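Participant: Sequence:
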Amino acid sequence: MKKIVLTGILAGLAILIVAMLLNLLFNLVFPSLQAEYENANLFRPWSDPKMSIFFAYPFVLGIVLAWFWDKTKSLFKQKSFWNRGFSFGLMYWIIASIPGMIITYSSFQLSLLIVLSWTIMGFVEAVCAGLICAAMNK
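Mapped onto this note's numbering, the consecutive letters of the sequence shown carry residue numbers 1 to 138.
To be clear, the hints were calculated from the coordinates, so they are not data collected in a lab.
One thing to keep in mind: the hints can contain errors.
What the hints assert, rightly or not - Here are the in silico distance ranges between beta carbons for each label pair: (1) N137 <-> A35: 38 to 46 angstroms; (2) K79 <-> F30: 18 to 26 angstroms; (3) A40 <-> D70: 35 to 43 angstroms; (4) L42 <-> L75: 15 to 23 angstroms; (5) S107 <-> N137: 30 to 38 angstroms; (6) L24 <-> L75: 32 to 40 angstroms; (7) S106 <-> W46: 36 to 44 angstroms; (8) R44 <-> K71: 29 to 37 angstroms; (9) S107 <-> V29: 23 to 31 angstroms; (10) R44 <-> S111: 40 to 48 angstroms.
As the list claims (entries may be wrong) - Below, a list of computed lysine-lysine pairs in the DSS-like style, where the Cα atoms sit at most 30 angstroms apart: (11) K71 <-> K138; (12) K77 <-> K3; (13) K77 <-> K138; (14) K50 <-> K138.
Remember, it's a predicted structure, so these values are computed and weren't measured experimentally.
Ideal Cβ placement from N, Cα and C applies to all residues, glycine included.
All chains, please: the whole structure from these sequences, using the hints.
Facilitator: Right, dumping it as structure tokens:
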């Protein structure tokens, strides 16, 4: 259990850092995204105390992915941790992110650009978490 929590915290830290960096990059390349994030009809302002929960999400996801890796690692038989981690991250992304982003785009008044940016960020985050899980727990 201790190994799962440690792996999960490290994966969560990686997810948080990747999300912050990619969000910054996407906002620089596509300035319209920043305006969409600042739309109070869509998103809570950062001054809202509930927004602090936003920073817990990567760590909860990291721990869940570390637990899931522990239960499914026998399915990923590739020799290198790079391949195992990538395959695990890809599997999670296909199962969770793609359907989630389809329903997000169809249900919320968000631009296709923001949903695509979240989809890409989710892929990179999932692969990073998968690599951490595969490297730390063979």
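Participant: Hint by hint, note whether the structure agrees.
Facilitator: Each hint tested on the structure:
{"no.": "1", "hint": "N137 <-> A35: 38 to 46 angstroms", "result": "holds, 42 angstroms"}
{"no.": "2", "hint": "K79 <-> F30: 18 to 26 angstroms", "result": "violated, 39 angstroms"}
{"no.": "3", "hint": "A40 <-> D70: 35 to 43 angstroms", "result": "holds, 41 angstroms"}
{"no.": "4", "hint": "L42 <-> L75: 15 to 23 angstroms", "result": "violated, 38 angstroms"}
{"no.": "5", "hint": "S107 <-> N137: 30 to 38 angstroms", "result": "holds, 36 angstroms"}
{"no.": "6", "hint": "L24 <-> L75: 32 to 40 angstroms", "result": "holds, 35 angstroms"}
{"no.": "7", "hint": "S106 <-> W46: 36 to 44 angstroms", "result": "violated, 27 angstroms"}
{"no.": "8", "hint": "R44 <-> K71: 29 to 37 angstroms", "result": "holds, 34 angstroms"}
{"no.": "9", "hint": "S107 <-> V29: 23 to 31 angstroms", "result": "holds, 26 angstroms"}
{"no.": "10", "hint": "R44 <-> S111: 40 to 48 angstroms", "result": "violated, 18 angstroms"}
{"no.": "11", "hint": "K71 <-> K138", "result": "holds, 12 angstroms"}
{"no.": "12", "hint": "K77 <-> K3", "result": "holds, 20 angstroms"}
{"no.": "13", "hint": "K77 <-> K138", "result": "holds, 10 angstroms"}
{"no.": "14", "hint": "K50 <-> K138", "result": "violated, 37 angstroms"}
Checked against the numbered hints given earlier, this structure breaks hints 2, 4, 7, 10 and 14; the rest are met.
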